[in-house]
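Number of protein chains: 2
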Amino acid sequence: MRQAGRYLPEYRALRQKHTLLELCHTPDLAAAITLQPIRRFAVDAAILFADILLPFEPLGLGLSFAAGEGPQIARPLRDAAAVRALPALDPEESLGDVLAAARLVAAELPPHVPLIGFAGAPFTLASYAIEGGPSKSFVRTKSLMHQTPDTWHLLLDRFADLTGRYLAAQARAGARALQLFDSWAGYLSPAEYRDYVLPHSRKALALAAAAGGGGGVPVIHFGTGTGPFLEDFAAAGGDVVGVDWRVPLDAAWRRLRNGQAIQGNLDPAALLAPREVLRRQVREVLDLAGGRPGHVFNLGHGIVPETPPDAVAFVVELVHGG
Amino acid sequence: MRQAGRYLPEYRALRQKHTLLELCHTPDLAAAITLQPIRRFAVDAAILFADILLPFEPLGLGLSFAAGEGPQIARPLRDAAAVRALPALDPEESLGDVLAAARLVAAELPPHVPLIGFAGAPFTLASYAIEGGPSKSFVRTKSLMHQTPDTWHLLLDRFADLTGRYLAAQARAGARALQLFDSWAGYLSPAEYRDYVLPHSRKALALAAAAGGGGGVPVIHFGTGTGPFLEDFAAAGGDVVGVDWRVPLDAAWRRLRNGQAIQGNLDPAALLAPREVLRRQVREVLDLAGGRPGHVFNLGHGIVPETPPDAVAFVVELVHGG
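Which chain is which? The protein sequence lines are D and C, in order.
Just so we're aligned, residue 20 is where the first sequence starts under this note's numbering, counting upward by one.
Just so we're aligned, residue 20 is where the second sequence starts under this note's numbering, counting upward by one.
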């Protein structure tokens with residue numbers, strides 16, 4: 020569950036004084052925002068306050084957030100020359116503010132509440148970098164994929180390397196779980212995922228997993244709309260596979276590789292429903308998970324700004340109450 | 020395939036002189052636009068130029084299209100009173116311009132090229148009417164669904180009735196196939212589709228099918244992202260079930276009820292790929308359909324404006340060539 024965010028009045032108060040990027044670049048503030056939901060709710064983990072597109076700044080792509088418009092990328096990547104010109108980055112230096120925030124949070128959290136670090140998956144990063152912002156059709160992305168596959172694979176390999184090492188750096192900074200977000204993977208056909216994306220996600224996940232030194236830091240592989248190719252999505256890696264609310268949890272779980280845990284999958288819209296409907300939907304997620312170990316209860320996608328905070332408290336209590 | 024549209028220079032020329040709504044309300048122009056792709060390509064059918072939200076105008080919701088922003092609804096429906104206040108419409112009168120355009124096209128088309136009429140499905144119409152425009156999270160829609168299910172079912176029943184009778188009227192005006200568009204169904208969970216949407220789509224499809232007087236006018240039931248609940252989607256009805264590019268056609272077909280045909284499912288983005296990639300993807304769709312009768316070749320979703328017209332000609336030739 021993305022716990023920090025626009026649904027909390029204490030976050031909105033901070034946001035009135037600072038831009039999103041200012042908050043991300045001020046470790047004290049990013050740490051304070053990360054801790055906001057921990058102070059309010061009895062949640063089991065904290066998720067770092069950051070944005071998956073932050074690596075675009077040191078890459079020189081020109082990142083900004085226009086009010087209500089989502090991210091804008093001033094210098095999108097659209098040819099081989101632009102991809103080859105990308106600088107090689109050391110996340111410890113170029114994403115130092117995020118790592119500093121992680122260190123502050125890790126020092127602050129009670130021992131039973133782990134910090135989850137996260138980063139964007141190669142495909143999702145590439146789609147923003149190529150489109151220049153949010154997209155509904157991903158036409159530029161798919162054009163580059165099909166027209167210049169060499170450039171495509173070069174770009175995704177660069178992102179896989181950067182994002183994998185960035186996750187590993189977050190683990191060194193104190194994150195005790197890591198999450199790779201492939202938010203837009205569901206716009207791919209099963210064949211496109213397998214041929215153009217899977218190998219790069221696998222690389223990123225392997226680099227992240229290596230940070231744990233053999234089991235210390237579990238990695239969550241999250242995507243939405245991955246139902247049509249969940250087996251391949253899971254095969255890319257992750258100790259835990261995140262699924263959105265579209266696939267019933269029992270059906271999803273049957274399709275996972277042996278040993279992979281599952282995360283999900285309450286519809287974020289359920290938090291706006293009346294209590295009895297919310298209770299039924301939470302109960303359904305828990306029932307479909309079957310009480311098996313290896314289920315991480317979570318929303319199926321990001322929390323929406325209109326969410327009443329007491330609905331979140333209600334869900335946390337319900338899940339803990341069993 | 021949505022054949023008319025922004026990818027054709029002859030359409031863009033007309034669009035510079037008229038708003039989208041002006042074109043829809045001028046039967047001569049709407050008919051001319053419908054015929055544009057027929058004059059250019061050897062396609063097997065024509066699809067009427069219109070917009071699924073046109074019924075919002077006589078319903079008094081205040082429809083407009085802001086440049087680059089999609090549809091805007093001035094008076095969204097958000098409570099029982101607003102739903103109950105909706106006027107009962109006779110499509111013959113209140114959507115007369117569309118029907119007049121259909122009559123002009125039907126008179127103009129060569130006999131071997133049928134006209135396809137279309138309308139929005141109850142859920143997709145409701146989501147626009149409730150949200151007031153395009154949405155990414157459908158939070159207002161799902162809130163109304165869960166908080167006031169009576170109002171929800173009343174609204175969807177009204178839309179089912181209107182859209183079903185509107186489709187039937189298009190058949191009487193000369194359409195020889197009808198298509199119900201549930202563009203956003205994929206944002207629902209399987210349980211939500213079954214409980215809150217399926218009965219209303221079934222009603223709309225039954226009203227449309229009744230127009231054929233027992234088999235004359237086939238009905239296509241189209242949705243995107245319906246993979247997780249394709250059986251229920253198909254059970255709602257339709258002689259043909261449309262699937263997007265996310266589900267391989269052979270897998271989709273195995274899940275259909277006996278006797279239903281299938282429509283799909285080339286990724287619209289493939290039309291921007293190099294010829295050999297496009298050829299391979301078309302070939303794959305045809306191979307997965309297995310040459311069985313009852314396959315309607317089409318894109319998996321709307322054509323994108325950046326599509327080069329000669330790529331469309333290439334696909335038509337390829338499909339006809341076998």
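Calculated from the structure, these hints are not laboratory results.
Hints should not be assumed to be uniformly reliable.
[Unchecked claim] Subject to a maximum C-alpha distance of 30 angstroms in a straight line, what follows is the list of computed DSS-like cross-link-like pairs (lysine-lysine): (1) C:222 with C:155; (2) C:36 with D:36; (3) D:155 with C:36; (4) D:36 with C:222; (5) D:222 with D:155.
Hint check results:
At most 30 angstroms may separate the alpha-carbon atoms for a hinted pair to count; residue 222 of chain C and residue 155 of chain C meet this at roughly 27 angstroms. Restraint check for residue 36 of chain C and residue 36 of chain D: not satisfied, since their Cα atoms lie roughly 45 angstroms apart, outside the 30 angstroms limit. Between residue 155 of chain D and residue 36 of chain C the CA atoms are separated by roughly 27 angstroms; this keeps the pair inside 30 angstroms, and the hint holds. Only pairs whose Cα atoms come within 30 angstroms are accepted, and residue 36 of chain D paired with residue 222 of chain C is rejected, the gap being roughly 52 angstroms.
The straight-line distance between the Cα atoms of residue 222 of chain D and residue 155 of chain D is roughly 27 angstroms, inside the 30 angstroms bound, and the hint therefore holds.
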